[in-house]
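Each chain, written out:
There are 2 protein chains.
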Amino acid sequence: MPSQRSQKIKSFIAMDILEASHAMSRRGIDVVSFSLGEPDFQAPACVQEACIKAIQNGTTKYTHSQGSYVLREEIARHYQTKYGVTISPDQIIITQGTSPAFFLIFSTLLEKGDGVVLPNPHYPCDANFVEFLGGKNQFLKVHEEDDYQWDLKALKKIITKKTKALFVTSPSNPTGSVLTADVLKGIAKTKIPIVSDEIYHGLVYEGSEHTMLEFTNNCIVVGGFSKSYAMTGYRLGYLIAPPKYIRLMQKIQQNFFISANSFVQEAGIAALREGGFALANMRAEYNKRRLVMMQGLRDLGFKINYNPNGAFYIFVKSSHLRKNSYKLAFDILENAHVGVTPGIDFGSEGEGHLRFSYATSIPVIEEGLKRLKAYISSL
Amino acid sequence: MPSQRSQKIKSFIAMDILEASHAMSRRGIDVVSFSLGEPDFQAPACVQEACIKAIQNGTTKYTHSQGSYVLREEIARHYQTKYGVTISPDQIIITQGTSPAFFLIFSTLLEKGDGVVLPNPHYPCDANFVEFLGGKNQFLKVHEEDDYQWDLKALKKIITKKTKALFVTSPSNPTGSVLTADVLKGIAKTKIPIVSDEIYHGLVYEGSEHTMLEFTNNCIVVGGFSKSYAMTGYRLGYLIAPPKYIRLMQKIQQNFFISANSFVQEAGIAALREGGFALANMRAEYNKRRLVMMQGLRDLGFKINYNPNGAFYIFVKSSHLRKNSYKLAFDILENAHVGVTPGIDFGSEGEGHLRFSYATSIPVIEEGLKRLKAYISSL
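Listed in order, the protein sequences are those of chains A and B.
Once you know that position 377 of the first sequence is 389 in our numbering, the rest is easy, because the numbers rise by one and skip nothing.
Once you know that position 367 of the second sequence is 379 in our numbering, the rest is easy, because the numbers rise by one and skip nothing.
Worth flagging that the hints you see were computed from the coordinates, not collected in a lab.
We treat Cβ as the ideally placed atom computed from N, Cα and C, and that holds for glycine.
There may be inaccurate statements among the hints.
Stated by the list, open to error - Label-pair restraints from in silico Cβ distances:
no., chain 1, residue 1, chain 2, residue 2, range
1, A, I374, B, G70, 52 to 60 Å
2, A, K174, B, I170, 34 to 42 Å
3, A, G313, B, G125, 55 to 63 Å
4, A, K174, B, S331, 44 to 52 Å
5, A, K174, B, H34, 37 to 45 Å
6, B, K173, A, A35, 43 to 51 Å
Stated by the list, open to error - Straight-line alpha carbon distances no greater than 25 Å define the calculated DSS-like cross-link-like pairs of lysine-lysine that follow:
no., chain 1, residue 1, chain 2, residue 2
7, B, K256, A, K20
8, B, K148, B, K169
9, B, K169, A, K174
10, B, K201, B, K169
11, A, K153, A, K20
12, A, K148, A, K73
13, A, K73, B, K65
14, A, K169, A, K124
15, A, K335, A, K382
16, B, K20, A, K148
17, A, K20, B, K165
18, A, K174, B, K165
19, A, K73, B, K22
20, A, K197, A, K153
21, A, K73, B, K300
22, A, K124, B, K148
23, B, K339, B, K329
24, B, K201, B, K173
25, A, K22, B, K173
26, B, K20, A, K22
27, B, K335, B, K300
28, B, K20, A, K124
When you get a sec, could you build the whole thing from the sequences and use the hints?
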């Protein structure tokens, strides 16, 4: 018999939609996808070139288990320059994308039965990381009318003695909302260790984002290159942790990963040193798409009563069309040939919603909106 | 407090030696390393070129969570051609090196307290994988006088109702011994699921190696590109499992890894399609080194009473020099400026031994042997 944990861990519903839409494409049907969490851009030229150069010059061996020291220096410099916080390269571990960082983190933080507070709705894997590694999820409901900010009073109420971590993601997947400095500060004041997923940093369109490190050192920050630098297939991320955790996480890294890919780490150095202009251009383009998508959704009768100000997602109530978001998403796929992600994928509070990704070009967004208009008027 | 598991998991002693030798190098001391588990070759040109081409043509996005179907087809074809076994691409999951494959495997196989049989001595991480994921190691002693083959009678005696897997590695790290077809067949006959680490396949110097799949389908095979194709820093491996486990492991992969690096998977396709000649050349060169190292060690008074016929390791008794292998290894490093790995790193049965890696050039091997000769005569 396979283990309980392997049977219990959930898959992505988003993947079911994706596979169904691929199956339709193979049947010759042209599907517009608003369901992807992946940039349609290519990584900046400087990133590609650095990666190629590293392969050619033989930077193709294991690196230090914590990762290239030069890359860790560049990450530290980035946090100093952008956020004014001082971290040491010794506090950083380079991982193959951000996902494995959560294995290192929750393996280190959690004993069986320990609690982790995370928002509902949330990125589906977040809850899976915690449960798979023995923890218990304590869901904090967040609401559109509060701009999907964390309610600090409600937070205090659900924290118990068993709560070992608060799991914050800003900008958020699925909502795209960005937590304010005041809310981050309030979360830090609880003194509970914070795991701060900052993978969508760099993709904020009005004002600017804050790292949790501005408010407390009692936090583990997770960041990466996949979203901001369009490097999903490169698999490059990192964690920044208080010194007391590093040796413990490094041992896990040595055993289960050895090190991250060596030449991809060189690509990461190039991204931080030379990729700023490309990032600014991509961000400007995402913002244009965001405005087109928001206006388009409003024109279709969806209400957006919060500011989807980061990442590349908009999360809207859809229960006026159909209560069951899973059935609605599949109906839209089948009949409008548009892929969207059902809100139920993101937790119980996501039910009755759909997530729209605008990580696709404006002509494609316009085509998708046109199809949705026809679909909705046919209901 | 960090978790018990994170405090208990062991690091590599090999890494301590490596770091000490790096520190000596920084002080200007020229250290000869016989401690590395990493080829000194570059990956074949076809591999580098395929990887670069994939970056240039934009194969830089997430792949299917199980990995590129074409790569999986090539792996299936490789097992058909080389071993005459038929597997489906659907039974394969591509991982970022072989290490994370063990996370997928033991997470899926083990409940808390379940037993796994593995040899003593063994690759240190193997025991760590099992314990970290809740299992208990059941060590089967293997002996030089038996060519480090598994003793099938002794195996039957230590199997209990709690034994959920047998963890086989052939060629072996640290001994380089290759299990015979008869022994593999005998292990398969126990009907206990087998985890077969075949990462050193391709590097066998007399006769040829067998995959566990020739003897049973009740096994999970782990293979990779790091050792045979000198692709350590690329981080590319795979597992082959019975269909009933695939969906379970795929869910874990989706959550914790999403997918392996996309362009590195293209490099893997090139390795299997076009890398055969380069592999044969590297194997021939390793064999020359092996013979030089064996003769050299014998000339230094080390006895080698088994056939180190695979991988790039020779494991020899060293207790006549000093009982404590850890102290001996550090003494050799300090005084002879030669890095070797103490046997204790590989379990209790490894104590009183040293592991010599010959993944380095013949002139370097000769220089190291010269230094060891001076060291030993000074004792």
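Evaluation of the provided hints:
1. At about 20 Å, the beta-carbon gap between A/I374 and B/G70 misses the expected band of 52 to 60 Å.
2. At roughly 39 Å, the beta carbons of A/K174 and B/I170 sit within the given window of 34 to 42 Å.
3. The beta-carbon spacing between A/G313 and B/G125, approximately 56 Å, falls within the hinted interval of 55 to 63 Å.
4. Taking 44 to 52 Å as the suggested C-beta distance range, the pair A/K174 and B/S331 conforms, at roughly 50 Å.
5. In this structure, A/K174 and B/H34 meet the distance hint of 37 to 45 Å, their C-beta atoms being roughly 43 Å apart.
6. Between B/K173 and A/A35 the beta carbon distance is about 44 Å. The supplied range of 43 to 51 Å therefore holds.
7. Distance hint between B/K256 and A/K20 is fulfilled; the C-alpha atoms sit about 15 Å from each other, no more than 25 Å.
8. Between B/K148 and B/K169 the alpha-carbon distance is near 16 Å, which keeps this suggested pair within the 25 Å criterion.
9. Using a Cα cut-off of 25 Å, the hinted pair B/K169 and A/K174 is violated, with the two alpha carbons roughly 43 Å apart.
10. Between the alpha carbons of B/K201 and B/K169 the distance comes to roughly 14 Å, so the proposed pair stays at or under 25 Å and holds.
11. For the hint linking A/K153 to A/K20, the alpha-carbon distance of about 23 Å falls within 25 Å, and the restraint holds.
12. Between A/K148 and A/K73, the direct Cα distance comes to roughly 39 Å. Violation of the 25 Å bound is thereby established for this hinted pair.
13. Under the criterion of a C-alpha separation no larger than 25 Å, the hint pairing A/K73 with B/K65 is consistent with the structure, at around 20 Å.
14. Straight-line distance between C-alpha atoms of A/K169 and A/K124 comes to about 22 Å, which keeps the hinted pair within the 25 Å bound.
15. Distance hint between A/K335 and A/K382 is fulfilled; the C-alpha atoms sit about 22 Å from each other, no more than 25 Å.
16. At roughly 22 Å between alpha-carbon atoms, B/K20 and A/K148 fall within 25 Å of each other, so this suggested pair holds.
17. Distance hint between A/K20 and B/K165 is unfulfilled; the C-alpha atoms sit about 37 Å from each other, more than 25 Å.
18. Distance restraint check for A/K174 and B/K165: the Cα-Cα separation of roughly 48 Å exceeds the 25 Å cut-off, and the hinted pair is therefore not satisfied.
19. Simply put, A/K73 and B/K22 have alpha-carbon atoms about 23 Å apart, close enough for the 25 Å limit, and the pair holds.
20. For the hint pairing A/K197 with A/K153, the CA-to-CA distance comes to about 19 Å; that is within 25 Å, so the pair holds.
21. Taking the CA atoms of A/K73 and B/K300, the gap is about 23 Å. The hint holds against a cut of 25 Å.
22. The straight-line distance between the Cα atoms of A/K124 and B/K148 is roughly 18 Å, inside the 25 Å bound, and the hint therefore holds.
23. Simply put, B/K339 and B/K329 have alpha-carbon atoms about 14 Å apart, close enough for the 25 Å limit, and the pair holds.
24. Restraint check for B/K201 and B/K173: the C-alpha separation of about 16 Å stays at or below 25 Å, so the hint holds.
25. Of the pairs offered as hints, the one joining A/K22 and B/K173 is violated, with about 30 Å between alpha carbons and a cut-off of 25 Å exceeded.
26. With a C-alpha separation of about 29 Å, the suggested pairing of B/K20 with A/K22 is violated against the 25 Å cut-off.
27. Straight-line distance between C-alpha atoms of B/K335 and B/K300 comes to about 31 Å, which puts the hinted pair past the 25 Å bound.
28. Between B/K20 and A/K124, the direct Cα distance comes to roughly 15 Å. Compliance with the 25 Å bound is thereby established for this hinted pair.
In summary, the structure is inconsistent with hints 1, 9, 12, 17, 18, 25, 26 and 27 from the numbered list given earlier, while agreeing with the others.
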